[in-house]
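Residue numbers for the sequence shown follow our numbering, so the first one is 350 and each next one is one higher.
Quick caveat, the hints were computed from the structure, so don't treat them as lab data.
It cannot be assumed that every hint is accurate.
To be verified - DSS-like cross-link-like pairs, simulated, lysine-lysine; straight-line CA separation at most 25 Å:
#	residue 1	residue 2
1	Lys363	Lys482
2	Lys351	Lys440
3	Lys374	Lys438
4	Lys450	Lys482
5	Lys374	Lys501
6	Lys394	Lys574
7	Lys507	Lys440
8	Lys438	Lys352
9	Lys501	Lys571
10	Lys374	Lys352
11	Lys574	Lys450
12	Lys507	Lys534
13	Lys374	Lys351
14	Lys534	Lys571
15	Lys507	Lys363
16	Lys374	Lys363
17	Lys571	Lys482
18	Lys507	Lys492
19	Lys450	Lys440
20	Lys374	Lys440
21	Lys482	Lys355
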Amino acid sequence: MKKIYKNDIHRIIKEEVNLDPNQFKIIEEVLHDNHVASLLSIDNKMCFKFLNPPTSWDVFQISFTLFNPTFTRTGWTPQSNYLSYGETKIKFIEWLRTHAKSYVDDIQGIDNWTPFQFETNIFQLSQIPIDDKSNFTIDDSEKIFNSIDNLKQLLIDKFEPTEIQLAFINERLNYLSESTNRLNKYDWSNLLISVFMSIAINMSFDTETGRRFFDLINQAFKNVKYLLGQ
Numbered sequence: 350m351k352k353i354y355k356n357d358i359h360r361i362i363k364e365e366v367n368l369d370p371n372q373f374k375i376i377e378e379v380l381h382d383n384h385v386a387s388l389l390s391i392d393n394k395m396c397f398k399f400l401n402p403p404t405s406w407d408v409f410q411i412s413f414t415l416f417n418p419t420f421t422r423t424g425w426t427p428q429s430n431y432l433s434y435g436e437t438k439i440k441f442i443e444w445l446r447t448h449a450k451s452y453v454d455d456i457q458g459i460d461n462w463t464p465f466q467f468e469t470n471i472f473q474l475s476q477i478p479i480d481d482k483s484n485f486t487i488d489d490s491e492k493i494f495n496s497i498d499n500l501k502q503l504l505i506d507k508f509e510p511t512e513i514q515l516a517f518i519n520e521r522l523n524y525l526s527e528s529t530n531r532l533n534k535y536d537w538s539n540l541l542i543s544v545f546m547s548i549a550i551n552m553s554f555d556t557e558t559g560r561r562f563f564d565l566i567n568q569a570f571k572n573v574k575y576l577l578g579q
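Please work from the sequences and hints to get the whole structure.
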């Protein structure tokens, strides 16, 4: 697939459908002399395939996975001719909004029938490998700062902490922000978990308020989850 089309796919996912492009990957292969670029969800369950014939990079046949209980994959369409990129893009956006976004929302949602354990969920928040000793870039750090500020405001709005509780929240979250440029990714992720645990304990969260706190964390950090290895 041409880079101009791959870059446009990245833009569509991020800007038109408001999904995180890091939740997907592209794999390219040659299939019976046709070039196939497959956009896959990270867990490989959802897929949208773009097929270029041997004669052109600018026309396509498509095949994709439906979000249903069996994850049915459609056949190649159209069967006897090809779509322009503009026509292909319309089909792709429709698939993202109808199937891919529904799938992502479902897997990221909380199952209210499953007993919520704050400790278990918070330890799963970061998937940064233990051997990742790299540092966040300046751009990454700015995004994390914004997420921490968002979380602070959400905590104030939703839980109305006392003056003493708010001072503790500010101290902990400010320390987490300041450590972003000082610690490597793995060490910082451990600090992140420790800070959130300490806030939950200080606020005396029970099962229900712990679930609400975890929801706020996900809301505030939704645009930087890829920085946590998710």
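Hints, verified against the model:
For the given pair, Lys363 sits about 28 Å from Lys482 by alpha-carbon distance, which is inconsistent with the 25 Å threshold. In summary, the hint linking Lys351 to Lys440 is supported, as the alpha carbons are separated by about 18 Å, within the 25 Å threshold. Taken as a hint, the Lys374 and Lys438 pair is honoured in the structure, with Cα atoms around 17 Å apart against an allowance of 25 Å. Between the alpha carbons of Lys450 and Lys482 the distance comes to roughly 33 Å, so the proposed pair goes past 25 Å and is violated.
Under the criterion of a C-alpha separation no larger than 25 Å, the hint pairing Lys374 with Lys501 is inconsistent with the structure, at around 32 Å. Annotation: proposed proximity of Lys394 to Lys574 holds, straight-line Cα distance about 20 Å (limit 25 Å). Distance restraint check for Lys507 and Lys440: the Cα-Cα separation of roughly 40 Å exceeds the 25 Å cut-off, and the hinted pair is therefore not satisfied. In summary, the hint linking Lys438 to Lys352 is supported, as the alpha carbons are separated by about 15 Å, within the 25 Å threshold.
Straight-line distance between C-alpha atoms of Lys501 and Lys571 comes to about 15 Å, which keeps the hinted pair within the 25 Å bound. Our distance criterion of 25 Å between C-alpha atoms is met by Lys374 and Lys352, whose separation comes to about 14 Å. Between Lys574 and Lys450 the alpha-carbon distance is near 16 Å, which keeps this suggested pair within the 25 Å criterion. Proposed proximity of Lys507 and Lys534 is contradicted: the alpha carbons are some 29 Å apart, above 25 Å.
A distance of roughly 16 Å separates the Cα atoms of Lys374 and Lys351; the hinted pair therefore holds under the 25 Å criterion. Between Lys534 and Lys571 the CA atoms are separated by roughly 18 Å; this keeps the pair inside 25 Å, and the hint holds. Under the criterion of a C-alpha separation no larger than 25 Å, the hint pairing Lys507 with Lys363 is inconsistent with the structure, at around 28 Å. Of the pairs offered as hints, the one joining Lys374 and Lys363 holds, with about 13 Å between alpha carbons and a cut-off of 25 Å not exceeded.
Taking the CA atoms of Lys571 and Lys482, the gap is near 23 Å; set against the 25 Å cutoff, the hint holds. Between the alpha carbons of Lys507 and Lys492 the distance comes to roughly 22 Å, so the proposed pair stays at or under 25 Å and holds. Between Lys450 and Lys440 the CA atoms are separated by roughly 14 Å; this keeps the pair inside 25 Å, and the hint holds. A threshold of 25 Å between alpha carbons decides the hint, and for Lys374 with Lys440 the separation of about 19 Å falls inside it, so the pair holds.
Between Lys482 and Lys355 the alpha-carbon distance is near 31 Å, which puts this suggested pair outside the 25 Å criterion.
Comparing the model with each earlier hint shows violations of hints 1, 4, 5, 7, 12, 15, 21; every other hint is respected.
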